[in-house]
Structures are given as structure tokens and as C-alpha cells.
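Enquirer: Sequence:
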Amino acid sequence: MTTPRTAIPARVTLLYTNIGRGHPFYLDGITEALIRSQAISLVRRELDVFELSRGAARLGWRAARWLYRRGSSGGATGVLYRLIRRGNNYNRETPALRLLGRDIRAALREDPSPVILAHPTLVGILRHQPHLIYQHGELVTPDEAVVRGAATVLVPTPEAAEPFRRVGGYAAEQVVVTGLCIEPALIRLAADAYGGRVARYAAAGEPMVGAYFSSGAEPTAHVTRLIAAACSAVLEGGRVILFAQSGGRFARRAARAFARRSIPFATLDSSDLIPTDLPRALIVCHASRREENILTARLFPLFDYFVGPSHERTNWSLGLGLPMFVVGPDIGPFAPLNRRLLLQAGTAAALETPMDAHLLGPRLARLRSRGDLTAMAQAGWGQREINGFARIAAFLVSKYGTI
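Sequence positions in the sequence shown follow our numbering and run 109 to 511.
Incorrect hints may appear among the rest.
Ranges between beta-carbon positions, derived for each pair [to be verified]:
{"id": "1", "residue 1": "280", "residue 2": "451", "range": "29 to 39 Å"}
{"id": "2", "residue 1": "304", "residue 2": "153", "range": "34 to 44 Å"}
{"id": "3", "residue 1": "385", "residue 2": "146", "range": "33 to 43 Å"}
{"id": "4", "residue 1": "207", "residue 2": "385", "range": "15 to 25 Å"}
{"id": "5", "residue 1": "259", "residue 2": "303", "range": "40 to 50 Å"}
{"id": "6", "residue 1": "148", "residue 2": "217", "range": "21 to 31 Å"}
By construction, these hints were calculated from the structure, which means they are not laboratory data.
From the three backbone atoms N, C-alpha and C, an ideal C-beta is built for every residue, glycine too.
Go ahead and model the full structure; you've got the sequences and the hints to work with.
Expert: What follows is the structure, given as C-alpha cells:
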């Protein structure tokens, strides 16, 4: 991944959409990796599309954020959301793209620094910007993600790279394969956590601990199935940890469901200590991505499996030896492709229907007793390069240097 230094300024700009968790998560990971490598001075600034945009352009971004939050929960808005997503083509200069990009283009027009972004919309907006770096951290590459015009594309696997070369017209040297992009804090814990997890599977009398995650929008359909699955696991003798937005739908509904079923539970946030004696159900509330990542890392060694939609955390299933149970319905173009990839790899199982969620507890017991959980964990451990963020940090340092 070593490339010649360029003559341009030696600092980079990170440009965030800050809609949902997925795409911003990848830029967060780059920052954390640069901090850990003591190269954070490489970052010139972090920008946000909402801060850069004014007037109608800002209203357009707010509408996109509202549609993401509301459209993910079904109903008429959900139908509209799916229709819009299905028709996305960021390689065309549409009126919507022109409006959303108006102030962003103006702000960066005279900026010679490299710009790193993680959302295909921004590639379409800034395709003529020199030294544009597109981080496509997802395991799969749907059509809408293949946007032309970046100088460099960072991808996790050769399979994810292929559409950029074949359909996007990128030269081989423009597409850099980094390995899976998993939180640097979890990489440090991964080996010990995996060993402890496999040992616990064999200790039949020890209750398993499951981690439950929604997407950033906390869609009602996902929340309903996550809570049903969590209750089923607890009633079968397991323990569960639910990660939810402070004051959000997931936390509120989970607390009501546990109380209604007389399941003892506790709630904590970033200011609380992790209990030494884990309750049967723990609701972990976070107010930001940073808080969520910190709390996740603190509790990660306890995870025996996790449940969630097939979004960016699918990296865990393929790279950390942590079996996943995928909840539906699939939302957006990435989810069904991610789910198919995990099922083919043997690292995950699907909760296809609401009834599947209600029966997760007995299913976990069967999978454990038959050795299937161990097989799922083994299929996702040691098979792939998992230090993608660190390799991206090294790539940036080698290409642009430090101050």
C-alpha cells in the first residue's frame, strides 16, 4: 500500500454526511486509527454537510435526514424512501444533486487538500475535486455505490473492488484493498474475546450473553423483532445487552417490554460503571456515535453472539468470529447483499420472520448444543484481514506525509 508522496499540502479533510451511523462510522474509524498511530496531525479539519450548507441546500439535507429516519419505519413514507433509493444514480447531475452540492462545492472549490468521504452522494457532488478519496467500507457494492470521479477508492475486499473496476471504470491502481474496517478498539480485544467466547460455548451451564443493535434510525420493524428476540433469549436463561439511543424508540419500548414480562433489567449510560454482576437484561444508552463505540468496546468481551440488521456491523461477523443473527426487513440496497454474503460464509443466521425472533432463545440452545455456534464463530475468525482502518491510516501517511 506504499505510494509516492504528492506535492500537495500534507493534511486531509474529512467530509461527513452525519445521516445515520453507517457512512459516518467509517470516517470515525479513520480518525481513531490516525490517533492510535500518532498521525492525527494529518487531519486538517472535519466538515459536515449541514454546517457547510445554507438556505435551500440545508433544507434539502434536512429533508434527506428526515426521510432516512421516517422512511426506515415503513408506511407511505417507507414506500417513498424505497422508490427514491432504488432510483439513485450519483453519476448523473440531477437538480437534487446540484442543490445539495451547491454550497459544498463552493466551500471546497479553492481547497487543494485531499478530501476523504464515505457517502456516494458526496462523490457525485465533488467528482471534479482533485485528490478525492472515496472510502467504500461496506462488504458489498450495489450499483448506487459505484460512483465515478474519485482519485482513489478504498475498499475492504477484492470482491468489493471488482464493480469499481468493471463498471466504474477505475484503473486497478486507483482501487486500494484495505481489509475489513472494524473499530480499532475492538481489534485490540478481538483475539482474547474470541477465545473466551468459544470456551463459553463449551461450558454448557454458563448463560450466553447476546448484544442487540438497531440501525441509526431505529426502524419500528427492527425494534419490534430485536425486543422479541431479546425477551426470548432471556426467558430461555440467557442474558442480553441492548444498545440504544438515549430517549429513543428502542430504549423506551425495550424497558416497557421487560417490565411487562417481569424480566429484571437495568439501564446505564456513559457516565455509569459497568456492573460486575450482569443483570438478565441491560439497556445501554448512548447520546452519540462516540459514546456508543466506547460502551461497545467496554462490553465486547462479554458478547457470545449479536443480533441486528445487516448493515456496517456485518464486518464483525466475517472478521471477529462473532456469530450474527440478522433481523429484517432489509432496508436499503446494502442490507440484502450483506445478508446473503454472511449466510453464504456460514457466519450468520437469519431471523426471517417475526416468529423467528420470538423463538430465538430455544434456537440458540440448539445451535450451542450441536456445536453450530462454534462453527459459525470459526468461519468468521482468521479468514480475512481485519485491520482495515490501520491500513488506511498507513496509506494516508505514506501518500501525504505528516506535519
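Enquirer: It remains to establish, for every hint, whether it holds in the given structure.
Expert: Hints, one by one, checked against the model:
Distance hint for residue 280 and residue 451: a CB-CB separation of about 30 Å, consistent with the stated range 29 to 39 Å. The hint said 34 to 44 Å for the Cβ distance between residue 304 and residue 153, and at roughly 40 Å that hint holds. A hinted range of 33 to 43 Å holds for the C-beta pair residue 385 and residue 146, which are about 38 Å apart. At roughly 54 Å, the beta carbons of residue 207 and residue 385 sit outside the given window of 15 to 25 Å.
Range check, residue 259 to residue 303: Cβ separation about 41 Å, and the 40 to 50 Å hint holds. The beta-carbon spacing between residue 148 and residue 217, approximately 26 Å, falls within the hinted interval of 21 to 31 Å.
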